[in-house]
Amino acid sequence: MSDILVIAEHRQGEVRPVSLELIAAAKEAGASSVTVALIGANAADLTGAVSVEGVDEIVTVPTASADFQPDEWKAAVEALIAARSPSLVMLPHSVDSWGFAPALGATGNYGFATDVFGIANEGGEWVVTRAMYKEKVHAEIDFPGKSTVVVTVRGGTWKPAEGSSSPAVSSLDASATANSSHVEFIEPPATGDVDITQAEFMLSIGRGIAEEDNVEQFSELADAVGATLGCSRPIADSGWLPKSRQVGQSGKVVAACKLYLALGISGSVQHQAGMKHVDNIIAVNTDPEASIFSIARYGIVGDIFEIADELVTHFE
Amino acid sequence: MAESLDLTSLIEFAVSQGDPYVALALHPFADEKFRVSLEKIIFERKRLKLTFAAAPYTPQTILALLVDENDEQLKLRLSKNPALSPELLTKLFEGASPAVIKNIAGHRRTPVEVLEKIEWQGNDVLRAALCTNSNTPVNLLKELVVGSSSAEKKGIVANPNADCELLTQLWNEGDKFVQGEVAAHMACPPELREQALQHEDVLVRRKLAANETLTTDCLLLLMKDEDPLVRSAAIGNAVLEDDHLGSADDPSIRVRRTEAKRQDLSTQIVDGLVDDEDHWVRRWVARQPAASDSVLQKLSQDEVMEVRRAVGRNRSCPDYILERLAKDEDSWVRAGVALREDLARHILVGLEKDDDIDVISAVGRNPGTSEDVLLAIAEHDNRDVRRSVIVNPNVPDEALMKLQDDPYPLNRAILSGHPNCLTENLWFLLKDPEPQVRYTAGKALAVRCQATA
Amino acid sequence: MKILVAIKQVANLDDDFEIRDDGKDVDHDFCDYEINEWDDYSLETALQIRENNGDEGEIVVVTVGPDDAEDELRKCLGKGADRAIRVWDDAIEGSDQVAIARILTKVVEKEAPDMVFMGVQAADNAYAQTGVAVAQQLGWPHAAVVNALEYTPGASTATANRELEGGLEEKITVNCPAVMTIQLGINEPRYASLRGIKQAAGKPLDEISHSDLGLSDDEVGEAGSVSRVRKVFVPEKGQAELIEGTPAEQAARLAEILKELSGA
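Protein chains in written order, with our numbering: chain G, 1 to 316; chain C, 1 to 453; chain V, 1 to 264.
It should be emphasised that the hints constitute simulated quantities derived from the structure, not laboratory data. Bear in mind that the values here come from a model prediction, so they are computed numbers and not experimental data. Among the hints, a few may not be true.
[Claimed, not checked] Quick list of in silico lysine-lysine cross-link-like pairs, DSSO-like style, CA-CA up to 27 Å:
(1) G:K276 / V:K203
(2) G:K146 / V:K24
(3) G:K252 / G:K159
[Said to hold, decoys possible] Where chain G lies over chain V, by a calculated footprint (3+ residues, C-beta under 8 Å):
(4) 171-183
(5) 245-254
For each residue, glycine too, the CB sits at the ideal point set by N, CA and C.
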């Protein structure tokens with residue numbers, strides 16, 4: 001009996017896409033039935049958005065607030081579990097989930113794990129996989145003696161479910177005392193010019209540059225490939241590039257970056273602090289042991305000047 | 001104690017302090033009777049043995065002891081340690097496991113005698129490591145090339161030890177990328193250069209054009225190549241003398257940029273490029289020492305900020321232009337002026353009052369900056385600005401005394417490693433909360449003690 | 001005013017490491033330890049609240065961890081915390097975050113602070129769980145992922161911003177006392193002055209066990225947990241895919257990759 005309950009996430013009137021990833025994950029985990037829950041004052045408006053392939057049933061839980069409120073959502077999930085006895089409850093590993101899911105775990109009533117990217121069922125028992133030690137190791141987690149397990153699921157692991165379905169829709173009551181309330185949403189501010197924290201593609205240079213005169217060559221290369229130029233601390237300290245371009249612990253975290261090309265950077269812990277989260281890191285360094293390679297997706301063990309000379313020939 | 005440069009006192013201090021990082025730094029300076037005490041401190045915890053086996057800062061004396069421990073986990077880390085000496089690599093090779101041998105095969109300091117003993121036949125991993133190791137001698141390369149894969153050929157062709165015979169074989173057996181590397185190789189034989197000159201692939205011709213052993217005649221031919229990448233490589237070749245340069249009107253931006261980048265361009269070429277529509281060309285030109293005052297004057301008013309900064313960085317830039325650039329609306333331009341060690345005092349005085357952090361950092365580094373200003377910078381709110389004074393040749397002692405107390409660990413680390421650091425600072429930093437600071441201070445102090453002994 | 005800040009000593013695993021014989025954890029000889037970077041921010045939040053309160057009030061730091069976790073507590077004392085508590089016992093080994101939270105909850109009940117801060121998550125295992133788990137066990141209001149906070153000690157509410165995905169923020173009002181998990185970037189954490197570090201040696205650091213807090217062995221460790229690590233293993237990937245060939249070839253491949261990944 002592996003009924004799976006997926007708690008959909010929504011914000012500002014729209015279902016968040018990660019919810020569809022969870023539906024796909026539920027199917028892949030071998031659910032005998034998939035129920036999707038929509039929590040909130042206007043949850044009933046969102047049923048269409050989660051009526052995708054694989055969904056057997058939708059339950060709406062109307063609460064006092066239209067927006068996420070942790071106490072209400074926790075009470076809603078508890079009511080859902082009490083009413084449906086799902087064997088597995090899935091939530092996204094997201095900011096809102098961080099606000100209430102651990103409270104479910106702490107009741108002691110259910111098994112609980114976060115940020116899982118592997119879900120398996122072994123003879124009726126759930127076994128999930130998550131990372132530990134800064135992603136260097138993976139761990140298998142199980143939940144002895146728990147008939148319901150609640151997990152938060154890592155986004156971007158499963159492709160979102162598609163298609164359409166006509167699941168039965170019902171509603172459930174749950175009430176709670178809210179200890180906090182939503183005031184307003186605040187959009188991110190528009191940005192000015194060189195703010196490397198907004199750059200999506202960075203080309204960063206490090207000690208391997210050796211001399212100030214060589215900075216120009218890499219500045220030109222960054223231009224040519226369409227990247228924003230950044231640097232490690234020694235370059236900024238020497239005054240070869242402004243401090244606003246420094247990436248790392250004593251510089252900036254390139255929060256919006258998706259592609260980071262590190263040239264002549266060894267990858268000290270301090271530099272990594274500014275960029276290790278980037279999805280696609282490419283490193284060029286003469287030292288094959290440089291720590292940057294352990295966080296990079298692609299690497300070239302080679303001379304940055306030779307590579308730069310060659311690379312620029314491919315871009316107008 | 002604060003001013004002491006007595007090595008024995010230093011080592012006795014380390015023994016009583018019991019800190020592994022200070023002990024590590026001092027170990028090579030200690031004589032036999034003290035080494036044993038220091039070793040007890042350094043090797044107290046297994047965790048530290050693992051750390052030190054991998055660390056490039058570990059002294060050879062300690063690395064030698066770690067080699068002797070004969071522990072596989074340690075050997076794996078030692079064999080990858082770039083600082084390991086050829087002698088220790090030789091020792092490590094004796095009875096080494098396959099994983100350790102693999103690391104030794106790729107290690108740049110492994111002596112030739114050891115490389116020649118490695119049994120690489122039928123072992124792809126070892127073959128690959130030996131092909132790319134720049135220490136691998138040519139006779140061994142010639143054995144490796146027999147039946148080599150494309151990837152292995154590429155490793156071999158880049159090896160500086162390759163000779164004409166080997167390069168010819170590689171040219172005949174390799175793809176265009178290999179041929180390109182042959183054409184670029186210093187030992188490329190004349191017959192192959194001829195072939196490269198006529199090669200249909202742009203890659204090979206431009207790699208040839210970058211070869212610094214080419215004759216002028218050959219370069220002149222390549223400068224007329226139909227492909228801008230080839231012309232650019234030829235023009236960028238340092239061996240090409242200035243008199244052979246054209247009139248700076250190549251249609252390709254890439255070629256003009258390369259020309260503008262050349263070391264010490266003549267005034268004539270500079271004049272030809274100063275009005276280029278491409279701002280990169282103008283930036284490079286602005287850095288040319290031969291640029292005349294009127295060229296610099298013109299470029300100092302360029303709309304592109306980086307061009308103006310480049311003028312401020314030009315060795316030959318006259319004061320009257322620097323005066324104006326020191327008041328540029330863009331701080332990065334002003335910072336470039338402030339960074340000049342030769343900056344006239346009357347211009348620097350104005351910059352001392354600037355409040356932009358890049359300008360202040362540059363002022364902090366400038367040997368002409370007044371003592372009062374340096375002291376203020378050493379106490380600046382911005383933690384990254386404060387350390388700029390450490391490298392200043394005229395940094396007052398008082399500023400250094402402030403920096404040893406700096407709450408930002410990086411600033412103390414930089415201080416501990418710099419020659420300007422006072423002996424008094426070093427003794428203080430031996431007790432720093434950060435292990436790297438303690439190590440660096442210990443080493444610097446030991447070196448100074450030894451120098452005065 | 002009293003603020004309790006819970007911190008964690010996190011492990012940095014070497015690139016070359018071994019797994020323990022029982023397969024349930026790594027060999028800790030291959031770990032370096034440091035304070036959780038989130039904790040710098042939560043401690044700084046507490047320090048700033050006290051500064052704005054006329055420097056009045058007590059800041060207590062607590063951690064659940066073995067002997068060497070004391071280093072991190074001393075660093076917090078060096079920055080200006082007044083008192084530290086370390087809870088440990090062999091029976092606590094194998095605790096998941098629910099069991100850890102149970103221990104911290106007892107400390108909160110004993111200390112009765114006006115606010116409890118901890119980091120959104122720990123840098124090593126990133127559970128993002130402990131703060132809200134403590135709030136649940138205490139029955140306290142809570143807010144997670146706070147990147148801005150307006151709070152006057154003793155007030156019945158506080159205003160906080162939560163950092164949502166994509167740079168969006170949400171402003172909320174929270175009843176107090178509350179548990180808040182603090183996000184990176186909420187402020188600029190200070191470094192301990194060397195004088196502060198010297199003074200820290202003299203500040204109280206209590207070492208207690210879970211039983212001193214009234215918890216039985218069944219309430220901690222594996223018995224007190226709702227999950228169990230049954231095995232750890234090294235995942236297949238984790239190393240960069242090296243681009244081979246001559247530099248010209250490598251650069252050509254790199255150019256392809258850049259064009260593909262930058263969406264050009």
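Broken hints, numbered, in rising order? The structure breaks hints 1, 3; every other hint is satisfied.
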